[in-house]
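Participant: Spelled out from the first residue to the last, the chains are:
2 protein chains.
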Amino acid sequence: MTRISATYDIETPCGLTHAAAVLAGEQSTGTFVRLAAETDALRDRSAARVEQIVPTGTSATPSLPCRKTGGKYERGLVTVSWPIGTFGLSLPTLLSTLAGNLFELAELSAIRLIDIDLPADFAHHHPGPQFGAAGTRQFMGGHDGPVIGTIIKPSVGLNPAETAALVKTLIEAGIDFIKDDELQANGPDCPFDDRLVAVMQVINAHADKTGKRVLYAVNITDEIDQMWRNLDTMQTLGATCAMVCMHSVGLLGLRAVRNRSNVLIHGHRAGWGLLSRSPDIGIRFSVMQKLWRLAGADHLHVNGLANKFTENDAIVAEAALSVQSPVSRHASPPHIAMPVYSSAQTIWQIDPARSVLGNDDFIFCAGGGIMSHPGGPADGVSSLRDAAAAARQGVALEDFAKPGSPLHRAIDYFKKPIIDLPSFAT
Amino acid sequence: MTRISATYDIETPCGLTHAAAVLAGEQSTGTFVRLAAETDALRDRSAARVEQIVPTGTSATPSLPCRKTGGKYERGLVTVSWPIGTFGLSLPTLLSTLAGNLFELAELSAIRLIDIDLPADFAHHHPGPQFGAAGTRQFMGGHDGPVIGTIIKPSVGLNPAETAALVKTLIEAGIDFIKDDELQANGPDCPFDDRLVAVMQVINAHADKTGKRVLYAVNITDEIDQMWRNLDTMQTLGATCAMVCMHSVGLLGLRAVRNRSNVLIHGHRAGWGLLSRSPDIGIRFSVMQKLWRLAGADHLHVNGLANKFTENDAIVAEAALSVQSPVSRHASPPHIAMPVYSSAQTIWQIDPARSVLGNDDFIFCAGGGIMSHPGGPADGVSSLRDAAAAARQGVALEDFAKPGSPLHRAIDYFKKPIIDLPSFAT
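Quick note, the sequences are listed as chains A and B, same order. Reminder that position 4 of the first sequence reads as 4 in the working numbering, one-by-one numbering, no gaps. Reminder that position 426 of the second sequence reads as 426 in the working numbering, one-by-one numbering, no gaps.
Honestly, the hints are just simulated from the structure, not real lab data. You can take every hint at face value.
Far from chain B, by Cβ distances over 12 Å, these chain A residues were calculated:
(1) I53
(2) P55
(3) G57
(4) F139
(5) G174
(6) H206
(7) R213
(8) Q324
(9) S332
(10) G358
(11) A389
(12) Q393
(13) H408
Capping the alpha-carbon separation at 35 Å, the derived lysine-lysine pairs in DSBU-like fashion look like this:
(14) B:K308 x A:K72
(15) A:K416 x B:K72
(16) B:K168 x B:K153
(17) B:K72 x A:K153
(18) A:K68 x B:K68
(19) B:K72 x A:K415
(20) B:K72 x A:K68
(21) B:K68 x A:K72
(22) B:K68 x A:K416
(23) A:K153 x A:K308
(24) B:K209 x B:K402
(25) B:K415 x A:K72
(26) B:K153 x A:K72
Examples of chain A residues toward chain B, derived with CB under 8 Å:
(27) N186
(28) G187
(29) W272
(30) G273
Note that the structure is predicted; figures quoted are calculated from it, not measured. For every residue, glycine included, the Cβ atom is placed at its ideal position computed from N, Cα and C.
From just these sequences and the hints, can you work out the full model?
Facilitator: Next comes the structure, spelled out in structure tokens:
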């Protein structure tokens, strides 16, 4: 029978073997007392199974408050498998099973979901990204290198006309991609329809003149019916990229957008810290992004190297790479998405961002890295594009930059951050 | 201008005042460098505002891994307000704003969202529970006292016929309410339609005979289109209660169900531990339940007193009480929902469960507390109903129970747990 498996990093005062059994029981046929109806045949058919336990250490105190106590707290990696007959291929039910009540078990003083192994059926059943990197380039009317992007700032406060004016400045600066901030959706001060009309006028005019269609990831995040209306409005106006705040709408909302969308889906991960910040409870990005890709995201935010938030470079590199790895090792389609680097990015992060992936199929979003360039935003974009060319040719920025060029001025202006890539990415 | 405010429990090595300003900036008009376009007028109109800072302590080490470090880590309660003009009344955008990137801020070594104060507009704009406690009793054909319920166990593994046979046993035992386990949704081993047909045959036959319509909370959790199909199937078969795993479908999924539902919505919180387990990152139940109620849940799981999981009784009592409190202190409608106590519940928890609320408008789910009664499930249900009567009359179980009665036998059989209620609930 086809099974799905998940690996958890757990800590327990009850012994790893017992804790793993409780976890598997709670999440399948068991309850806190064994019932007569839980026959051996039923268990054989439907129960979750502990596949592997790898102890990783012990501590004297619990990592999280824990009702049960013990002399020591054992930590380990526990792999559990489920027959998919009990829950089928539904992503919401997958969540209820792999990320449900188990987070509240009294036998656990830490629990993180760190890996899932999806059967081929999942990769076949779910739509996955509709366009990916190749489609993204087509929507732009052809494009080489990484997609150089930026974010409308201030995040909120501009009205539709002011937003469109900023978009015009950015387009004239040569930008490839512009996104709304995740806070900007459809408030009365900057309504979705008015904003999109104003912005698409600028984008369409530029496309008509130059053949280059700048991507505008307009934030469609809203209730389901409104998101669908937003997609209709996008189609009417020729917009090509819908941004979705994935935590705000859930997997199901993302999937519902994908089902009715014929445009790029730009997956924003605002709220991700809630699931990832603690080392003792949560879900690893490499797990969650598989589900987001199954549900249909073409682009996925992965934070940036040397970002302004808390994740270190190893986590960001792992996240970026995971987005370009097959969604299931058991089958095609691989459902590859395009990683989006963002947060305090400048010319200095392009080469390491590329070296993590080994290709140019990524979006590189810079805010200050473009707008604060001493020569203005056009020089900002130009310096990033030259930095990408240098990276592709394997030449150091300092050697690549011609004296007085925008890249040269950027080298002088932007402080080089310390980037500490893990060995797999260098 | 109408504002919405949120209170966070934060910890920071950067000073509370600075950290609060960073949080407010990140979640509104600011970015990591101040832009020229962020004018004073724009800030006045659109920026989040720090309303209050209440220091609560300091520690020498950070609670969560934190990129920034300091000699001490200050903890405090920070209240921030936003003008609703920037994001409107959409629940998903509310989430992006109040529970978005801020969880990843490098200036914070702990952050929990612990309170929100919703303007009246939210209570008016969103549908809220369609039926609540009064409607629940009507669906049952009239009912007094707490609703005595149970869960289909084993959680998964029974086929539709076996499920219906168990439902028949439970109905004959006098139960009011039966729910699917959150793991049981629409897998090939127990398809939704087949299960519902089989179960409703039993329930409808009993209703035709006795006038009592037992509630069956069938788990409709699935992708959006399938949930809507499930609602249609429910209507065809006369089913009256749809269970939704709220984390698995998100706020938007819950709201989408409410928009097309004419039945009770039973909100299951599987996965809640992910947001609540850590004292240093997450969202408090009293916050999240407001959003679930706005989106339309009639019933909300709150765990049980003396449960098998990790929450203590004070947390459970606060959760239960929050569900019956007005959703906004600024306006009607209050959107009251019905709390559902569940997890290792027996006759001993009914009186304290009632005393928390001061009324009988709750669902009390017992598994072993019914099925393991030495006299069988009918005695199990009878003993719980007598325990509820004793609670209502303010009589101790031991004094209320007639010798040899099911309640008397339950008193002997089930171990009395230690329950430690907070002062507000006694």
